[in-house]
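Trainee: Sequence:
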Amino acid sequence: MMSNPIPSNDTTIAFTVNDRDVEIHAPEDTPLLMALRHDLELKGTRIGCGEGNCGACTVLIDGMAVQSCTTPLWAAKNHRVQTIEGLANDRAAQQLQSIFLAEQAAQCGYCINGIIMTVAAMLAPDPPADRDQIVAALDERHLCRCGSQVRILRAVDRAIAERKGRRT
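Counting from 1, one number per residue, gives the positions in the sequence shown under this note's numbering.
Simulated from the structure, these hints should not be mistaken for lab results. The C-beta atom is built at its ideal place from N, Cα and C for all residues, glycine as well. Incorrect hints may appear among the rest.
Now the in silico label distances, taken between C-beta atoms and shown as ranges [said to hold, decoys possible]:
#, residue 1, residue 2, range
1, Q95, I47, 23 to 29 Å
2, Q133, D39, 32 to 38 Å
3, T12, G109, 19 to 25 Å
4, D62, A88, 17 to 23 Å
5, A161, E28, 30 to 36 Å
6, Q133, H38, 30 to 36 Å
7, E51, N89, 30 to 36 Å
8, R158, T12, 42 to 48 Å
9, D10, A161, 22 to 28 Å
10, K164, H25, 41 to 47 Å
11, G52, Q149, 15 to 21 Å
Start from the sequences, fold in the hints, and give me the full structure.
Mentor: Structure representation (structure tokens):
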């Protein structure tokens, strides 16, 4: 008797991660987070709530901050994904990370990678006009349980001031 193979809904999704072209063979509804961590071994993108509420898994897709735990793999097809590891080659992002360190903006550090990704996206085209925009973006998408919010906002304020200072 011949057994029938179990049908697979796997597909190959091609996209760019941190300036490197990749192909992932998996079900297209696999969370992008799982493909990044398990298939590509990019561990800087953290597993948090798995429901899009904490922001620990935030990455950039074509420059926009998204939670990778609720973003299906198919959404990355033919797009540019950037993780915290990908910021290593970006001078402005390196400066942002240095500011976060100088301001001691992380206590346990678990949420910081996602927060830095959101802030990098916010600062990329033009820094926000006021603190309310910053607070709204971070409050809506990120959860810091250590209580580092004051230092995080101080780091963001400093990053914005330095970016604006360079443009004037």
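Trainee: All the hints need checking, so say for each whether the structure fits it.
Mentor: Status of each hint after checking the structure:
The beta-carbon spacing between Q95 and I47, approximately 28 Å, falls within the hinted interval of 23 to 29 Å. Hint check: Q133 to D39, Cβ distance near 35 Å, so the stated range 32 to 38 Å holds. Between T12 and G109 the Cβ separation comes to about 35 Å, which falls outside the hinted range of 19 to 25 Å. Separated by about 19 Å at the C-beta atoms, D62 and A88 satisfy the suggested range of 17 to 23 Å.
Taking 30 to 36 Å as the suggested C-beta distance range, the pair A161 and E28 does not conform, at roughly 43 Å. Separation of Q133 from H38 is about 35 Å and conforms to the stated range, judged on CB atoms against 30 to 36 Å. Here the CB-CB span from E51 to N89 is close to 31 Å, well matched to the stated 30 to 36 Å. Taking the beta carbon of each, R158 and T12 are about 43 Å apart, inside 42 to 48 Å as hinted.
The supplied range of 22 to 28 Å is broken by D10 and A161, whose beta-carbon atoms lie about 48 Å from each other. Taking the beta carbon of each, K164 and H25 are about 45 Å apart, inside 41 to 47 Å as hinted. Checked against the given bound of 15 to 21 Å, the beta carbons of G52 and Q149, roughly 20 Å apart, stay inside it.
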